[in-house]
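Asker: Protein chains in written order, with the numbering used here: chain A, 15 to 168; chain B, 15 to 168; chain C, 15 to 168.
Treat the hints as calculated values from the structure; they're not laboratory data. Heads up, a few of these hints could be off.
When chains are identical, the list treats them as one kind, so a pair holds in a single copy or across two.
Listed below are the simulated EDC-like cross-link pairs for lysine to aspartate or glutamate, each with C-alpha atoms no more than 16 angstroms apart in a straight line [claimed, not checked]:
1. Lys70 with Glu152
2. Lys35 with Asp110
3. Lys70 with Asp106
4. Lys35 with Glu79
5. Lys35 with Glu17
6. Lys101 with Asp50
7. Lys70 with Asp49
8. Lys101 with Asp49
9. Lys70 with Asp50
10. Lys153 with Asp27
11. Lys101 with Asp168
12. Lys163 with Glu85
13. Lys153 with Asp119
14. Lys61 with Asp50
15. Lys61 with Asp110
16. Lys61 with Asp27
17. Lys153 with Asp168
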Amino acid sequence: MPEPHLLTSGLVDVALGENVKIVEPCNIYGCRLGDDVFIGPFVEIQKNTVIGARTKVQSHSFICEYVTIGEDCFIGHGVMFTNDLFKNGHPDPNPDHWGRAQIGDHVAIGSNATLLPVTICSGAVIGAGSVVTQNITEKAIYAGNPARKIRVLD
Amino acid sequence: MPEPHLLTSGLVDVALGENVKIVEPCNIYGCRLGDDVFIGPFVEIQKNTVIGARTKVQSHSFICEYVTIGEDCFIGHGVMFTNDLFKNGHPDPNPDHWGRAQIGDHVAIGSNATLLPVTICSGAVIGAGSVVTQNITEKAIYAGNPARKIRVLD
Amino acid sequence: MPEPHLLTSGLVDVALGENVKIVEPCNIYGCRLGDDVFIGPFVEIQKNTVIGARTKVQSHSFICEYVTIGEDCFIGHGVMFTNDLFKNGHPDPNPDHWGRAQIGDHVAIGSNATLLPVTICSGAVIGAGSVVTQNITEKAIYAGNPARKIRVLD
């Protein structure tokens, strides 16, 4: 029987700010993590991502290529970002065609939320288990599949 | 470049019953696991939680602070519990303000379900992929986002 | 205090094709992985499963017993398959009663999707965060909870 190619999760080519805390095992590569960022266990963060200072990424979350997250955000547990919308019915091999997600500052994303490649304004809250399919431009709480505004925040 | 603080997942300060089985890697701390509990791989269980005898917690699940799960329950794969509702638009630093989840006995929770801090009565079934936003007081099958009753159980 | 039985994730009893790539940690046992399959980190694959050549299973996904996946598929991150529907209000101990999932070729399943034990035809696309509750027999894009057809593919 053929042998598999076994690769090992870890930290590779990560630009780190001061006082970053990371709980292993994790699989993090080619990204930038700001000062005082916290990364929980069982997290994967792909290349071409930026995570701002003091943002927390909780266990089981996945941050894909071309996601930029601001400062002081809370990314819950099991949150999944996406970039490729399979518009032509299959994964698109050209990264130039993928969407870019841009998350503002002080954004809180509940556990098990799914995010299509959208823009979310600073201060917005995404409820647990939501699926965010459109840009969010108003500071409010959003929930559901697809996520809809349920309460405006002051 | 600064060095990160690397922490390692593991078992810390866990009160264990007899014959508990745990598949590593896991990140489990400050909780109580009853007799014959099974914990699958890639599971995080936070402090101030109790899991009753013979309950199974499958891979990829996350059990947050202030969750109490009864006996003989089945917690599927990728199930996420929550406690903080971000009511004021951001994570609340005071744990006294967080909700408490109380799960009865013989409860079955399907994979990828998300649970807000609710009470679920004994014998209830939560379908896979559901988001439970309200207390469940009737023994029935619930599914959807938000989860609604779809069939009463005898 | 009693000692727990600690088991370790790994590869056990896996039939491997040529050039399979696996990122550890993972928990994979009793299954068949075709040529050029890729398995990301934090993945669990149970026994009695088959994954066809060139299919990619991304991080955090869980493939349960009695799932057959075709060739050239893309299984996103955090995708959860299921087999037991808890029809009688609790997990069914008899595997003969569980459903079987059959996924065709060139199927793309978005991240955080949940699949009940269904058949999905070749070329179908399942949107991120969807919950697939019924068989899919038409090549199209499906999304939502429950998943519904949103666009036919050529």
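Asker: Now, for every hint given, state plainly whether the structure supports it.
Answerer: Outcome of the hint check:
no.	hint	in the structure
1	Lys70 with Glu152	neither (22 angstroms within a copy, 37 angstroms between copies)
2	Lys35 with Asp110	neither (32 angstroms within a copy, 25 angstroms between copies)
3	Lys70 with Asp106	between (30 angstroms within a copy, 14 angstroms between copies)
4	Lys35 with Glu79	neither (21 angstroms within a copy, 20 angstroms between copies)
5	Lys35 with Glu17	between (35 angstroms within a copy, 10 angstroms between copies)
6	Lys101 with Asp50	neither (37 angstroms within a copy, 25 angstroms between copies)
7	Lys70 with Asp49	within (11 angstroms within a copy, 34 angstroms between copies)
8	Lys101 with Asp49	neither (37 angstroms within a copy, 27 angstroms between copies)
9	Lys70 with Asp50	within (9 angstroms within a copy, 34 angstroms between copies)
10	Lys153 with Asp27	neither (35 angstroms within a copy, 40 angstroms between copies)
11	Lys101 with Asp168	between (37 angstroms within a copy, 11 angstroms between copies)
12	Lys163 with Glu85	neither (23 angstroms within a copy, 38 angstroms between copies)
13	Lys153 with Asp119	within (11 angstroms within a copy, 40 angstroms between copies)
14	Lys61 with Asp50	neither (20 angstroms within a copy, 23 angstroms between copies)
15	Lys61 with Asp110	within (14 angstroms within a copy, 38 angstroms between copies)
16	Lys61 with Asp27	within (9 angstroms within a copy, 33 angstroms between copies)
17	Lys153 with Asp168	within (8 angstroms within a copy, 39 angstroms between copies)
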